[in-house]
Amino acid sequence: MKTPLRERLKPYLLLLPAFVGIALFTVYPVIRLIYLSFFKVNQLNTSKTTFVGWKNYISLLGNSAFMTSLKNTGVYSLWTIVFTLAIALCLAVWLSQKQDHLSKFTQGAAFMPHVISSVSIGLVFSQMMNPTYGLFNNILAVFGVRGFQWLQSSQTAMGSVVFVSVWKSIGYYSLIIIGALQSISPSIYEAAALDNAGTWATMKKITIPMISPQLFFTLIVMTIGSFKVFDTIRILTDGGPNNATSSIVYYIYKQVFWEYNIGRATTAGVFLLIIVGVLTGVYFALLSKRVHYQ
Amino acid sequence: MYQTRQKIGQVIGILVKVIICVIFIFPFVWMLSVSFQTEQETTRLPITLIPSHLNWQSYVDAWNCAPFAVYIKNSVIIIISIILLQTIIMVPAAYAFAKFDFKGKGFLFSLILIAFMMPTQVTFLPVYYMMSDWKVMKTLLPQILPFMTNAFGIFLLRQYFMQVPDELIEAAKLDNASEVQILSKIMLPMSKPGISAIALLSFVGHWNDYFWPLVMTNSDEVRPITIGVARLKDAEGNLQWNMIMAGNMFLVFPIVFIYILASRYIINSFVYSGIK
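Residue numbers (my numbering), protein chains in the order written: chain U, 1 to 294; chain A, 1 to 276.
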């Protein structure tokens, strides 16, 4: 018995609006982006837009501002991920030991920055990091420590941006890790306690291996997120001083709105697409593997 | 001896937790403090921790400095439109993926995942050109339409729908229920928590969003609140921190208020969506 055409078409009709959106706002823009990266775009007179082959790619790889942005993004990602993951892991293990009111409240407080706009957080931190009137240097002065230039020196600007990003995301990742920790059966810990395993040994031999799949996913999600960094940088430093905190996305933004170099902007966009694409590929490959094993 | 050591350990534990709370809450208190300071207080040494009096003037200044009523109105319209549009589109799509077998299902589902992972920072320029071609840059549509398909929402809702027993749907079909009736009478009531969690994530995400409106708007009539607040810092002349922080409160207060009322619910929505 053959199902009538109307029945067979039903799922496609149900999906139609969703896929109109995906076609218009995901698939088409990606194709257009790649297409434009092979052209020298003239925005005022589009008839003067000319095909230039790989020229944008070659010129971008030789462009020191882009290479700096690429390097900055890598440095930013590395430090943000290392610090966030390390602190979030410690915090999660420690806070999940006791589920009392204060622990819950601490989790809630640490999570709050995650739901607040980067604009707000960027603004309040740029006030606190002001070398003269800012809170940080004035607190340091109380302890007799000489203050920093924070965002205003190319030596400390990147560190300051990383500091803000780590502060903003610790709480979120702690709670993700606490979720993972709660899936470990308590009987394993009881067995370890019977064997007189110390805190550090338990952590190294049981806790971390048991949550390593979740940790790895968290790591990839964090990496993808940090390669897209823009908001915090735009508010805190505007890429400065002297390009010290310019990221890939910041570079793209600058090419589009300040330098009107669309060829370069789209080519840098393709680079971002490739980086995020590779990371996403790794993510889904691991995801299907994990589903397979369970 | 052992007991005293345990006691000390407990006290230190409590102390460290309190310090952690202060580290995460203080910047928000500081925001509030600076917003109530006078301009002299913000640029005076030693710095002012507690303002001498509640100086509401900076709020008035911030409000008059830029059309905040328009910004807030825009943000609200954008968010409500996005949530409605997303829900209308998401529900049938998740239903199709959860309860139908059809050719190309795997391929279409992988497209959903790709759309979910695609950064807006990659797609914004072609979308901007498209919106310019459509001549809608003077409306809020460039900030609404691109978010019509909530890929992540479809993914999450599909999991809720898959838990609805097939027998229930079969029984409804025997009673000659239409698909619309099945969706509204069976599927939706059973997935209310999922839909409200997705709406909450959309609300927080778009209220806070900065990148998309920054690249999609070029006039005050269509700007949302994040842009308005950020522009207080870009304004010419000396930075007036009290005014900037007052403006900042317009952006922060609604979210903090909701967060204090429903922090457990909000945390669970975010964490659940993060683990999947």
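These aren't lab readings, by the way, just hints derived from the structure by calculation. Check each hint, because a few of them may be wrong.
To be verified - Here's a subset of chain A near chain U, in silico, CB distances under 8 Å, partners left out:
1. ALA93
2. LEU113
3. MET118
4. ALA171
What the hints assert, rightly or not - Some, not all, of what chain A presents toward chain U, calculated at C-beta under 10 Å:
5. PHE28
6. ILE83
7. LEU84
8. ALA96
9. LYS105
10. LEU111
11. VAL136
12. LYS138
13. ILE169
14. ALA172
15. ALA235
16. LEU239
17. SER263
Built from N, CA and C at the ideal position, the CB exists for glycine as well.
(message) Tell me the numbers of any earlier hints that the structure contravenes, in ascending order.
(response) Hints 4, 6, 7, 11, 12, 13, 14, 15 contradicted; others consistent.
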